[in-house]
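*Asks:* Single-letter residue listing:
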Amino acid sequence: MTAAEAAIRICDVSHQFGEIGQARHVQALKDTSLDIARGELHCLIGPSGCGKSTLLSVIGGLTKPTTGSVTVSGKPVRGPMPHDIAYVFQESALFPWNTVLENIVLGMKFQGVPKAKRRDRARRALEAVGLEAFAQHFPGQLSGGMRQRAALARALSLETDILLMDEPFGALDEQTRMVLGEDLSVLLSRSHKTIVFVTHSLGEAVFLADRVAVFSARPGTIKQIIAVDEPHPRKPSFMTALKFHALRDQLYGLLHDEIRKSIAETAPLRRRYDDTAEKNEGVA
Amino acid sequence: MAVTHPHARTAIVRTEAPLKRWFLRHPGAMRGLVIALLLLIWEFAARFLLDSDFISPPSVVLMSLGTLFATPGVPKALGLALYEIAIGFALAAVIGAGIGLAVGLSRFAHRSFMPIILLLYGLPQVTILPIFVLLFGIGAASKIAFGVSHGMFPIMISVAAGVQKINPVLRTSARSMGASRAQILYHVIFPHAVPSFFTGLRLGMTGVLLGVLLAELYVSTAGIGFFTSLFTQNLEPTRLIGLVAMLAVIAVVLNEIVRRAELHYGRWRA
Ligand SMILES: Nc1ncnc2c1ncn2[C@@H]1O[C@H](COP(=O)(O)OP(=O)(O)OP(=O)(O)O)[C@@H](O)[C@H]1O
Ligand SMILES: [Mg+2]
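Chains as they are written, first to last, in numbering that gives the first Met the number 0: chain A, 0 to 283; chain B, 0 to 269.
Fair warning: there could be bad hints in the mix.
One-sided and incomplete, this derived list gives chain A residues near chain B with beta-carbon spacing under 7 angstroms [said to hold, decoys possible]:
id	residue
1	10
2	59
3	61
4	81
5	86
6	88
7	90
8	95
9	106
10	109
11	110
12	143
13	144
Pairwise CB distance ranges (calculated) [claimed, not checked]:
id	chain 1	residue 1	chain 2	residue 2	range
14	B	130	A	65	36 to 44 angstroms
15	B	180	A	11	27 to 35 angstroms
16	B	266	A	74	40 to 48 angstroms
Keep in mind that the hints were calculated from the coordinates and are not lab data. All C-beta atoms, glycine included, are put in the ideal place defined by N, C-alpha and C.
Turn these sequences into a full structure, and let the hints guide you.
*Replies:* Dropping the structure here:
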């Protein structure tokens, strides 16, 4: 992929929290390089704590990496780029004291959209996610799925080329997230946005992604990239296709070892528990 | 009796339930009933049990409110007290919210200044009331200042605590959409701190009232303090109680204003 084709170029990004020797020192990302093409939906999948959210916030300019660099549309990322990148966070990041409509309008105000255009664009974004009837509701009055759709509407209203989504449907039940996934696939086929999508769900990754980057256990780095060759918008029938299951199994195979590795860190805990159990038995 | 009339219990439940339900739906009714009962006890005690030199029945106090207001200087004293309380409350709110925000937003400021604030708040300030009078004179200024110094601490402490509890993802998401620091302060931190600000206001209100009235009693050359000692010395409980009742009315009205504002700004939590 040439620099011109890539919407996002990640070059040798490493990130550590805290200093070496400190108790809170964590090497979250290690020598990660990835090119994300314009208009593709790129999923990031990997064991918990491997640095997916960290990578996303490095791309979004919210975290400055320890080493390495990111360029977005050819420009080096030095801080938030609200005109190029919109974000959907894992938990609802809607302002609870504003109505759904006010939330969307406020996002555009932050971004610098002229006042006259805000309401119109907000209405259109709400229609795109099917929430126009809930414009005057407060986030606390919506279900979890509706809240995430509202957050998606706010991100869409910013009309950026790039959308970063950090487990946006992670807290939702499986049926809801499948339906939202279909909607997202339809939306993607219409809007030609570049989307980076973090997920823990193998099915979601295969169903949504054009390519899936599989991360190793912490310190996270990309282990393999799998392409899903299927045009958007994807139909639910894709989920029963042979190709779908083959890819899902391949992903699981890649992830399985890494997840074992990341769980291994907690094994001493289990052993300690066994010790005390034995001791208690001895006393009894 | 329940044994001889097996249906008596259900009959009682049937007649009681609607009344109970009515009371549950009208919390104001029970409140009114309790207040009426207390007034009745007071009325009875004042008329038949206690010395009329020291206490008057509420009915007499109410009937003679006219003569209270006809006492030269009393309306002016009440007006002055209202003025001192209102100004003191406004200043306490501004200073308390300002310092509370500053202390709550900066980890450094919090660690440096919060212990000092807590220490000052815990201090019995009555002991330094003479210093206030020396600094601010015997006019309204010292009373307002004493009211402010009582009212601002609870506002400060609850605002500082409220600001700290903010969900970091809200700030991050505002930043990702391009919000400036001022916009984050105005659109994210302020609204988040509103509920704790109102909690502080309610607590601070009591403090301001206490501070102003303590100072009034201490510097009793004119104003409420003067009249309370005058009425006490002349054994005029009717007018004394009437005066105190008027102060209570001021407190209730201010509290109601704060409550209305709180309801308005807290709509999203309903
Ligand atoms: N602000 C921080 N300070 C210190 N360590 C952090 C911080 N944020 C993240 N980390 C650490 O960095 C590592 C990677 O975190 P990150 O949130 O990127 O993981 P993740 O892959 O998104 O995990 P999950 O799938 O559970 O969301 C974790 O071990 C975490 O403990
Ligand atoms: Mg994460």
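*Asks:* Looking at the structure, which of the earlier hints fail to hold?
*Replies:* Hints 1, 12, 13, 14 contradicted; others consistent.
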